[in-house]
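Participant: Here's the letter readout for the chains.
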Amino acid sequence: MATEILMPALSPTMEEGTLAKWLVKEGDTVSSGDVMCEIETDKATMEFEAVDEGVIGKILIAEGTEGVKVNTAIAVLLEEGEDASAADSVSSDAPAAAPAPAAPSKPAEAKAPAAPETDTTPDWPEGTKLKKQTVREALRDGMAEEMRRDENVFLMGEEVAEYQGAYKISQGLLDEFGAKRVIDTPITEHGFAGIGVGAAFGGLRPIVEFMTWNFAMQAIDHILNSAAKTLYMSGGQMGAPMVFRGPNGAAARVGAQHSQDYAAWYMQIPGLKVAMPYSASDAKGLMKSAIRDPNPVVFLENEIMYGKSFDVPDVEDYTVPFGKARIWREGSDVTIVSFGIGMTYALEAAEKLAAEGIDAEVLDLRTLRPMDTASIIKSVMKTNRCVTVEEGWPQGSVGNYITSVIMQEAFDYLDAPVINCTGKDVPMPYAANLEKLALLTTDDVIAAVKKVTYK
Amino acid sequence: MAAKKPTKKTNASADELKAYYKTMLLIRRFEEKAGQLYGMGLIGGFCHLYIGQEAVVVGLEATTKEGDSRITTYRDHGHMLACGMNPDGVMAELTGREGGYSRGKGGSMHMFSKEKKFYGGHGIVGANVPLGAGVAFADKYKGNDNVTFTYFGDGAANQGQVYETFNMAALWKLPVIFVIENNQYAMGTSQQRSTSSAEIWERGKAFGIPGEAVDGMDVLAVKDAGERAVKHARSGDGPYILEIKTYRYRGHSMSDPAKYRTREEVQKMRDERDPIEQVRNILLENKYASEDDLKAIDKEIKKIVNDSAEFAKTSPEPAPEELWTDIYATEVPQEA
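Going down the list, the sequences are from chains A and B.
Counting from 1, position 315 in the first sequence corresponds to residue 315 in our numbering; the numbering is continuous, with no gaps.
So the mapping is simple: our numbering equals the position in the second sequence, first residue as 1, plus 1000.
Don't read these hints as lab results, they were simulated from the structure.
Some hints here could point you the wrong way.
[What the hints assert, rightly or not] In the DSS-like style, the derived pairs of lysine-lysine whose C-alpha atoms are separated by at most 25 Å in a straight line are:
| # | chain 1 | residue 1 | chain 2 | residue 2 |
| --- | --- | --- | --- | --- |
| 1 | A | Lys43 | B | Lys1299 |
| 2 | A | Lys180 | B | Lys1231 |
| 3 | B | Lys1313 | B | Lys1299 |
Note that the structure is predicted; figures quoted are calculated from it, not measured.
Construct the entire structure; sequences and hints are all you get.
Facilitator: Listed below in structure tokens is the structure:
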């Protein structure tokens, strides 16, 4: 049976091309792989090969013709022994349009913004026994408890085992769990992050420690392309249940390459979850939730916070859910939204502002993805003013995103523009005085609050 | 008697040879069909064909056992067919339809099969190398004797993470077989112009990883080397490198005019070294199969491929709701 040879698409974007030259003529026999003609696309001149065997019955598009649309019949191929007259009654193999999805479907659209219904249950009930613990100890306890609970959980990273952790977060874990589960890696972030993701594909629950998140830049391809996207790309068949963790943001006097806050970067990636705890109880409770989560979690700690002490519930199996902000302080005049070390400035500012008669509500987001925007909206509807606080840079900040959400969902409630308090828009300097100038301060937050409250 | 003797004493039975012939032919015909559907606009984006390299995956798959894993790059259609994934599901993924392995959300470069332990389908050159070592790490951790075949190209062999992985795989004795499919061109750059050493597998020596170069146009040579590699990795001796010298007949992707090599070079390889023709000759010369037997196989393969194309054309596009599914798991999709 005669079939049409169609103008091929020869690149992802080609819609038409020039039929530059015929290398066969009518009556020629061709077999699979023979070059029939040359076609010029916008990028290159390509040779177009025959796929089936047969005889060129008729050439429909003369060489030199420009603007030949993809799927236009350019020639007719006859089967061996078929009469040339068959070329006049060809069957078209032009592709039919794709069938529509079988299932009845609603048009796809972004989920409507969540109504401001929020979970305001306290993290622990009244009367719970508490103990003072540093963030460092809380993180270690969180990991240790999950390692006891699930033998597929293991920790890998630089200096996590014999050195007991560059920042002593994994202190004692090697002794308890052994070298099989607490693994010192060479200094090779790109490689061990990839091995960690592969181990998660293979059924384990890795915790990959980066000595700091600055070094994870070498591994970011695996965090995004390998860990975050695989569940989607595989149609839900496999993913990377694991935790990437380590200290994030500025420490002190360590210069530009060791002082970056990655909250806004990782917050942007669908498929990742992002936690950035402030307190020790959240460090522990979120760590335990992160390890159990069936998705890849980016866990952003802070070196300065490691040594700070907080109340931690002295209970078995204390967890904190993702996507639930914590209200540290209720207030009516302004909402201060922060997370991680930013909470230090937010709470200190609120304290000082209270002395001046300004009553601030302080929200700790705790996780940035999912983000509890409902709690922000609910609070802003009450206070009508908002200031966001973070150490990262201003352009494309977490605060920028929060501001856009407020604009869309609570615009009519705002009595002042939202202000984003951030680190200064410079690489971190080394000199003590300059570093101080680059970092966010409590005074910045106080000034912003006064501006939005017109005080 | 044919003038050319069978390549060597075969390390495979008549049935095995017929099976290799069949799978290689399936890959060849499937890829030709994919190229055709691409030309018709039914397959979009990037589409990297495996034509010419068939003996690599078919020879190595012949050495695997249940439980072994495989992972590769974006030139992945052959690997999927060779490990027994359904041609319908692969072709329908190429056309971006609901019946595809990733329900249309992955495409040519991103397909996976939990069932066949095929871990993708990765589009970042070199990135699948540590991932494969990670899968092997999981097997060692669990204490089984499975191995992971980690395929990558001569181009990926110049990525730093490959050597980071060699180091850790050797250090931790991971049961991984690094398969360098050296088709001589990293996209359009020949090995001579991109790679300081002629023998890539020898780089493993710096890490104490044994390896060898293999004629990748000869499925029996591939299988033979694969058996040595598997024996080494499965017995707990750590990684092994196979640098399989192969050749792709088509361009890097569908939009590659392949001007960096002559048409004669390609034709010479097709005429003299074609992996499918080689097995065909062995089958005929040893009277393991008659011309009629092979014609029957050709016919059977043609039907499988045509059916897959038909399935891929008629399977519906994914429902719009699919846009929002599989971003987050609610439970672990892959249990140990």
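Participant: Of the numbered hints stated earlier in the document, which are not met by this structure?
Facilitator: Those not satisfied come down to hint 1.
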